[in-house]
Every structure is written in C-alpha cells, then in structure tokens.
Amino acid sequence: MPLRGSRDAPKFDGRSPAHLPRFFEDIEILAEAAQINDEAAQIKAAIRYADLNEAEVWQTLTAASGGDWDAFVVAVKDLYPGCEGADRYCRADLQYLVQDYRTKAMCSQDELGEYRRKFMKISVPLIANKKLADTER
503 MPLRGSRDAP KFDGRSPAHL PRFFEDIEIL AEAAQINDEA AQIKAAIRYA DLNEAEVWQT
563 LTAASGGDWD AFVVAVKDLY PGCEGADRYC RADLQYLVQD YRTKAMCSQD ELGEYRRKFM
623 KISVPLIANK KLADTER
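For the record, in the sequence shown the residue sitting at position 57 is 559 according to our numbering, with numbers rising by one throughout.
Keep in mind that the hints are not guaranteed to be accurate.
[Unchecked claim] Under the rule of at most 25 Å between Cα atoms (straight-line distance), these lysine to any residue pairs were calculated in the SDA-like manner:
(1) K623 <-> K633
(2) K620 <-> P519
(3) K606 <-> S518
(4) K632 <-> P583
(5) K620 <-> E586
(6) K513 <-> G584
(7) K633 <-> G584
(8) K579 <-> A535
(9) K513 <-> D570
(10) K620 <-> D595
(11) K546 <-> I531
(12) K513 <-> A557
(13) K620 <-> P583
(14) K633 <-> C585
(15) K546 <-> E534
(16) K623 <-> D580
(17) K579 <-> A565
(18) K546 <-> A577
(19) K633 <-> A520
(20) K623 <-> A635
(21) K513 <-> A566
(22) K623 <-> D602
(23) K546 <-> A557
[What the hints assert, rightly or not] Computed Cβ-Cβ distance ranges for the label pairs, DEER-style:
(24) G507 <-> E534: 15 to 23 Å
(25) R618 <-> E541: 38 to 46 Å
(26) G615 <-> E541: 36 to 44 Å
(27) T562 <-> S518: 17 to 25 Å
(28) R618 <-> T562: 35 to 43 Å
(29) K633 <-> Q601: 13 to 21 Å
(30) G568 <-> P523: 17 to 25 Å
(31) R517 <-> C592: 13 to 21 Å
(32) K606 <-> D510: 33 to 41 Å
(33) P523 <-> Y617: 22 to 30 Å
(34) S610 <-> A542: 48 to 56 Å
Derived by calculation from the structure, the hints in this document are not laboratory data.
Predicted model, so just to flag it, every value in this text is computed and none were measured.
C-beta: ideal position from N, C-alpha, C; glycine also.
Go ahead and model the full structure; you've got the sequences and the hints to work with.
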C-alpha cells in the first residue's frame, strides 16, 4: 500500500463528506491489491490515510478497535450525514447554488455548462427522492 501523503495514497479530510464512500472503496481496492485480508489491518489503513483531525475522531469509535470492516465503515459514515444516499442533498443546497450563481456573470458556454452540471447534480436526486417537485426545477 502507498505511503500516507504520497501521490497515490487515498485521502480524506472531512471537508467534502461526499468523497467518503470513494475513500473507503480506494482502501478496499488497495488492500485487495496488497493481499491484505485482515479487516483490522484495513481499518488501521483507513485511519492512517485519513486527515489527522478525522483520524483522531475515527479512533474513538468502538468499531475502530474491532475487526469488522463493514461495521467500521457504517460507524464512520454515521459521522458524516449526507455522505451518500437519499439525504446527500437538500433543497437548501439547490437554493445556495442558485443564489451563488445569481451574482455571477455567465459570459461563456463553459460557465453556463458548469452551472447546468452543478444544478443537475443536486436537482436530479432531489426530484428522484421526491424532495423537489418537477415543476420547481
């Protein structure tokens, strides 16, 4: 497995909870490639690769001292509401995006495309989870 801080090492700093599921997937892929089958070793690796502030919190979890990778992942994800699933976005996220772009001049198709992609990333899951009416789009 790559050294912590190296270019190929997985990173998670807590600033973007949406990155947490991919962080854990990366840990699993690296552990498999390194032929690490011990779930306790995977847990230690995840804690080691996480930012120090996050790692300190993760170490306090009961699941961190066990050998059950899945239980550890669930316990950590519970610390980051909205990191995945139906609760990832809320109406306020969409309102914030619209407010933010309301003051920006969109002078090119690239800027308009960027706004559209960000809007869709938030609005489509909200509509799918019935948190936003199709007419509010």
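Structure-based check of all given hints:
| no. | hint | in the structure |
| --- | --- | --- |
| 1 | K623 <-> K633 | holds (14 Å) |
| 2 | K620 <-> P519 | holds (17 Å) |
| 3 | K606 <-> S518 | holds (23 Å) |
| 4 | K632 <-> P583 | holds (19 Å) |
| 5 | K620 <-> E586 | holds (17 Å) |
| 6 | K513 <-> G584 | holds (19 Å) |
| 7 | K633 <-> G584 | holds (14 Å) |
| 8 | K579 <-> A535 | holds (24 Å) |
| 9 | K513 <-> D570 | holds (21 Å) |
| 10 | K620 <-> D595 | holds (10 Å) |
| 11 | K546 <-> I531 | holds (15 Å) |
| 12 | K513 <-> A557 | holds (11 Å) |
| 13 | K620 <-> P583 | holds (20 Å) |
| 14 | K633 <-> C585 | holds (17 Å) |
| 15 | K546 <-> E534 | holds (15 Å) |
| 16 | K623 <-> D580 | holds (23 Å) |
| 17 | K579 <-> A565 | holds (12 Å) |
| 18 | K546 <-> A577 | holds (14 Å) |
| 19 | K633 <-> A520 | holds (19 Å) |
| 20 | K623 <-> A635 | holds (15 Å) |
| 21 | K513 <-> A566 | holds (18 Å) |
| 22 | K623 <-> D602 | holds (15 Å) |
| 23 | K546 <-> A557 | holds (10 Å) |
| 24 | G507 <-> E534: 15 to 23 Å | holds (22 Å) |
| 25 | R618 <-> E541: 38 to 46 Å | holds (42 Å) |
| 26 | G615 <-> E541: 36 to 44 Å | holds (43 Å) |
| 27 | T562 <-> S518: 17 to 25 Å | holds (22 Å) |
| 28 | R618 <-> T562: 35 to 43 Å | holds (42 Å) |
| 29 | K633 <-> Q601: 13 to 21 Å | holds (18 Å) |
| 30 | G568 <-> P523: 17 to 25 Å | holds (20 Å) |
| 31 | R517 <-> C592: 13 to 21 Å | holds (18 Å) |
| 32 | K606 <-> D510: 33 to 41 Å | holds (35 Å) |
| 33 | P523 <-> Y617: 22 to 30 Å | holds (25 Å) |
| 34 | S610 <-> A542: 48 to 56 Å | holds (52 Å) |
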